[in-house]
Amino acid sequence: MRDDQRSAHPYIPNSIPDVRAAMLGAVGAASIEDFYAGVPDEIRLQRPLDLPTPIRAESDLVRHVQALLAQNTSTRDAISFLGGGCYQHHVPAVCDEINSRSEFLTAYAGEPYEDHGRFQALFEYESMMGELLLRDVVNVPVYDGFQAAGTAVRMASRITGRRRALMSASVSADKRSKIGDYVRPDVDIELVPFDLETGRLDLAALQARLGPDVACVFVENPGYLGPIEIDGPEIVRLAHAAGALAVVSVDPSMLGVLAPPSSWGADIDCGDIQPLGLHQHFGGANGGFIASDDDPTVVMEYPSRLFGIVPTVVPGEIGFGDVAYERTSFAVREEGKEWVGTAASLWGITAAVYLALMGPEGMRDLGTTMMARARYAMTRLGSVPGIRVPFAATPHAKEFVLDVSPSGRSASSVSAALRERGIFLGIDLTQEQPGLGEAVLVAVTEVVTQDDIDRLADACAEVLQ
Amino acid sequence: MSAPEKTSTAADGFPIEAKPWPRRFHQASWDEPIIFDLSVPGARGVLPPLPEPGVTALVGDPAAELPEAIGRATPPALPEMSQMHVVRHFERLSQENIGVDLNIDIGQGTCTMKYSPKVNDQLVSAPSVADTHPLQDPSTVQGTLEIMWRLERMLAEISGMDRVSLQPGAGSSAIWTNVAMIRAWHESRGESDRRDEVITTIFSHPSNAAAAKVAGYRVITLYPDADGYPDLEALKSVVSERTAALLITNPEDTGIFNPRITEFVRVVHEAGGLCCYDQANANGILGITRARDAGFDLCHFNIHKTFSTPHGCGGPGSGAVCVSAELAPFLPRPTIERGEDGLYLDNERPLSIGKVRPWYGVTPNLVRAYAWVMSLGAEGLRQVAETAVLNNNYLMKKVLEIRGVSAPYASGQRRIEQVRYSWEDLTRDTGIHSEQIGFRAADFGTHYWTSHHPFVVPEPMTLEPTESYSREDLDEYTAILAEIAREAYEDAETITTAPHSSTIHQINHTALDDPDRWAVTWRAYKRKHLAG
Numbered sequence: 006m007r008d009d010q011r012s013a014h015p016y017i018p019n020s021i022p023d024v025r026a027a028m029l030g031a032v033g034a035a036s037i038e039d040f041y042a043g044v045p046d047e048i049r050l051q052r053p054l055d056l057p058t059p060i061r062a063e064s065d066l067v068r069h070v071q072a073l074l075a076q077n078t079s080t081r082d083a084i085s086f087l088g089g090g091c092y093q094h095h096v097p098a099v100c101d102e103i104n105s106r107s108e109f110l111t112a113y114a115g116e117p118y119e120d121h122g123r124f125q126a127l128f129e130y131e132s133m134m135g136e137l138l139l140r141d142v143v144n145v146p147v148y149d150g151f152q153a154a155g156t157a158v159r160m161a162s163r164i165t166g167r168r169r170a171l172m173s174a175s176v177s178a179d180k181r182s183k184i185g186d187y188v189r190p191d192v193d194i195e196l197v198p199f200d201l202e203t204g205r206l207d208l209a210a211l212q213a214r215l216g217p218d219v220a221c222v223f224v225e226n227p228g229y230l231g232p233i234e235i236d237g238p239e240i241v242r243l244a245h246a247a248g249a250l251a252v253v254s255v256d257p258s259m260l261g262v263l264a265p266p267s268s269w270g271a272d273i274d275c276g277d278i279q280p281l282g283l284h285q286h287f288g289g290a291n292g293g294f295i296a297s298d299d300d301p302t303v304v305m306e307y308p309s310r311l312f313g314i315v316p317t318v319v320p321g322e323i324g325f326g327d328v329a330y331e332r333t334s335f336a337v338r339e340e341g342k343e344w345v346g347t348a349a350s351l352w353g354i355t356a357a358v359y360l361a362l363m364g365p366e367g368m369r370d371l372g373t374t375m376m377a378r379a380r381y382a383m384t385r386l387g388s389v390p391g392i393r394v395p396f397a398a399t400p401h402a403k404e405f406v407l408d409v410s411p412s413g414r415s416a417s418s419v420s421a422a423l424r425e426r427g428i429f430l431g432i433d434l435t436q437e438q439p440g441l442g443e444a445v446l447v448a449v450t451e452v453v454t455q456d457d458i459d460r461l462a463d464a465c466a467e468v469l470q
Numbered sequence: 271m272s273a274p275e276k277t278s279t280a281a282d283g284f285p286i287e288a289k290p291w292p293r294r295f296h297q298a299s300w301d302e303p304i305i306f307d308l309s310v311p312g313a314r315g316v317l318p319p320l321p322e323p324g325v326t327a328l329v330g331d332p333a334a335e336l337p338e339a340i341g342r343a344t345p346p347a348l349p350e351m352s353q354m355h356v357v358r359h360f361e362r363l364s365q366e367n368i369g370v371d372l373n374i375d376i377g378q379g380t381c382t383m384k385y386s387p388k389v390n391d392q393l394v395s396a397p398s399v400a401d402t403h404p405l406q407d408p409s410t411v412q413g414t415l416e417i418m419w420r421l422e423r424m425l426a427e428i429s430g431m432d433r434v435s436l437q438p439g440a441g442s443s444a445i446w447t448n449v450a451m452i453r454a455w456h457e458s459r460g461e462s463d464r465r466d467e468v469i470t471t472i473f474s475h476p477s478n479a480a481a482a483k484v485a486g487y488r489v490i491t492l493y494p495d496a497d498g499y500p501d502l503e504a505l506k507s508v509v510s511e512r513t514a515a516l517l518i519t520n521p522e523d524t525g526i527f528n529p530r531i532t533e534f535v536r537v538v539h540e541a542g543g544l545c546c547y548d549q550a551n552a553n554g555i556l557g558i559t560r561a562r563d564a565g566f567d568l569c570h571f572n573i574h575k576t577f578s579t580p581h582g583c584g585g586p587g588s589g590a591v592c593v594s595a596e597l598a599p600f601l602p603r604p605t606i607e608r609g610e611d612g613l614y615l616d617n618e619r620p621l622s623i624g625k626v627r628p629w630y631g632v633t634p635n636l637v638r639a640y641a642w643v644m645s646l647g648a649e650g651l652r653q654v655a656e657t658a659v660l661n662n663n664y665l666m667k668k669v670l671e672i673r674g675v676s677a678p679y680a681s682g683q684r685r686i687e688q689v690r691y692s693w694e695d696l697t698r699d700t701g702i703h704s705e706q707i708g709f710r711a712a713d714f715g716t717h718y719w720t721s722h723h724p725f726v727v728p729e730p731m732t733l734e735p736t737e738s739y740s741r742e743d744l745d746e747y748t749a750i751l752a753e754i755a756r757e758a759y760e761d762a763e764t765i766t767t768a769p770h771s772s773t774i775h776q777i778n779h780t781a782l783d784d785p786d787r788w789a790v791t792w793r794a795y796k797r798k799h800l801a802g
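Top to bottom, those sequences are chains Y and P.
Sequential numbering from 6 applies to the first sequence in the working numbering.
Sequential numbering from 271 applies to the second sequence in the working numbering.
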């Protein structure tokens, strides 16, 4: 590539040599070096950084990055049944339109006056999530559902003054890892097995572990492995009987058809908003929600920002501000609740757009379709020789486990064979759930059609023949 | 401050009079209702697919067959809107928001508000980034892994460190990741019970102190000495065999580079502690000085700040942690490794702290950051740093000409990339506080930020002009501050009643700290304020 000596960089207006000289003159500096006089010589880098030769022409840069990305196969180029917390839901065009708006995309932490728009959009996010969850309090999103879960467990521990947390063993290994490392100075996580017949939490095992030192019971609905926790109300009752809180992680895309945990008595909800209008982004687009009733003892334990609605001096005008700001680390550093920082606001706004587009009936249609197609896939695949679908008698949401061990094949070899046929089968569970055999977690979102499922079943039959 | 000379002036006022300086501004003010008030029963915004007849024939309607307690009887009371009305509502709200693209965004000091190239936004909206799943077989995502691997090497070179993880969700997440690695490192040496203290400075981001506390540490906070430097003597008096780590920023938000930083590192190392460098303020020192060269064991970058990715109204950001070889085994899993069949994700890391977030990081921002560095190269990054510093010192000279403002500490010295100013003199003279200046700044279409709490610098204002702003931009922002300062002395009521031309007027915020009246959702508002 030609050595590009053009001095003015398009992203750096004051890279124009004459401007630099004039500005140096204006401040009485002989050179830029004057400004670095406080940096001792012994820690000055005495050579240029060793970085790739820059690609300064925009068209060349596009070619370069696109050439790298051309090595990828997107889930649009295959039939994908991958889920496990990152889903290929349809992203309505309006979601991308709004979150690409420069006013939202490039803004940051402005005040309620000049950035009124983000305050209102995020208040509406909180409010629509509140309707989905039937909760009066929902936070401005934290990074992701893992972080939300870790914080929800910590909140329960602070509220109860207890340090044991019981967690379903069906929670993904990655999520357990995050929560465990995040809470361990203050909370001990203990796993509760799930029933290998039903995929649901083992209530007897739960009861045996509950005691006066338990801060909370943490379950997911639907569970990571797909079954719906139809004993949710009983889990909550058992937790409460022991003086513990019930913390429930929910998939918000299912709440058009599933009752929110609040309706069966849970205390704190959490989860990830990736299913609500966000692309998969290689697992890089997440936002964590935490929700509860409007009980001040709970509200004061949130680390997150909570945008509240207030009046202005003009009648009818709406303003916003931070509710109970003094609980945050922004206000009182280490005396605050955990910490708060830049997290996922744009994705919160996107989820708000999504929920407004979907409306009540859209969320119901979405859940209905996914449950039906997932059950259809369970039925079709369950009839393929060599495949077992465990937990089949339990109602499932949009995911389910498929075990190929009856075929004598490994999950990875079946996945590889299907990949050859343009199908991404699902998530290999053999490492994190060895008790389930050669198991794969299969996700059926609304973008997966009956035809896609039929093709998967046919391909499985062919591969396992 | 006078208007720039190139502003046209027509002697007879025709065809157009010269523009006033600073410019007149009025923000969009749509008086937009809360979205629930826009609901029209029966309206639909987007239609999801329905199950095919063949699906229904085989399985019926499983959702309808859920047990009563677990199925949802009544759909969520979301607004019902046709598609255009959703678009209109949110586009109106977007107009009531000011991004970097619209304003001279130097008033959100320490936030490193720089231009995010549009071409990078386009690149990451492609299906090859946006529509890929993190658990696709690695052979099908070699492009993304290659970009992440290369970005890690770039950040290793920029920091001088050996290994990098791109997993943290943003700056505070990266701080947490480093603290978790510090804890794991001491545990691996059997010293975690004894080493239960973390030392930080008051000008470091609050999350340094807060994350250390969450990790179980007692937090010791150093205050600046009379010259504004972190106090070395104070450090020596608190460092001990209980010290797990020093978490420090350099330059701090004062913009003053701590010239004794290697001495800080030495003192802590001699006591057996680790040294962790919060590089949120790296923009002025890219290619000038490196964390490892000053002896640090760990550091982090805010990808969304220094490496140009858009800030998204407060995220998604992106964070990177960079460590010495000794700390590398403790990095979050998986790491990206290069094997015979290309790049792969290594989860078999027994000393790893595990996961700090799902999957591997905020991928779209990592691709953007890679493209940004590639557009600049070593010389370009140096130009970024030098221009950010030139802009800052130019701005400081201009701002300090304004009545009532000062730059505490290190008087007469140059600063790196930002300055924490003080309006203490103006407040004493006029009774106008820094926060009120911010409200008035909104009337000129700009952001303004005081400081993190506590306000160590009285009546603080923090400005960081980055490399993205032109000399004219800096002059314009200065003119706005000068005009507000003039008003403070001559027409204080204009400030005390501000904002006047923003989207809304002064907020009555008393309800925000009152549990009986605060309302975090519309349903809470209706319950508390509209019932009966």
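Be careful, since some hints might not be right.
Using C-beta positions, here's what the derived DEER-type ranges look like [to be verified]:
no.	chain 1	residue 1	chain 2	residue 2	range
1	P	Ser-299	Y	Arg-81	54 to 60 Å
2	Y	Arg-460	P	Asn-617	26 to 32 Å
3	P	Glu-671	Y	Ala-62	50 to 56 Å
4	Y	Asp-46	P	Asp-761	23 to 29 Å
5	Y	Asp-191	P	Asp-761	52 to 58 Å
6	Y	Pro-217	P	Ser-299	42 to 48 Å
7	P	Leu-800	Y	Ala-210	42 to 48 Å
8	P	Arg-756	Y	Ala-31	44 to 50 Å
9	Y	Asp-46	P	Ala-496	21 to 27 Å
10	Y	Ser-36	P	Met-354	52 to 58 Å
To give an idea of the interface, some chain P residues facing chain Y are shown, with a C-beta separation under 10 Å as derived from the structure [stated by the list, open to error]:
no.	residue
11	Ala-313
12	Ala-496
13	Pro-620
14	Leu-621
15	Ile-623
For the record, the hints were derived by calculation from the structure and aren't laboratory data.
Computed from a prediction, not measured in an experiment: that's the story for all the values here.
No residue lacks a Cβ here, since even glycine has one placed at the ideal position from N, Cα and C.
Compare the structure with the hints numbered earlier in the document and write down the numbers of the violated ones, lowest to highest.
Failing hints, ascending: 1, 3, 4, 6, 8, 12, 13, 14.
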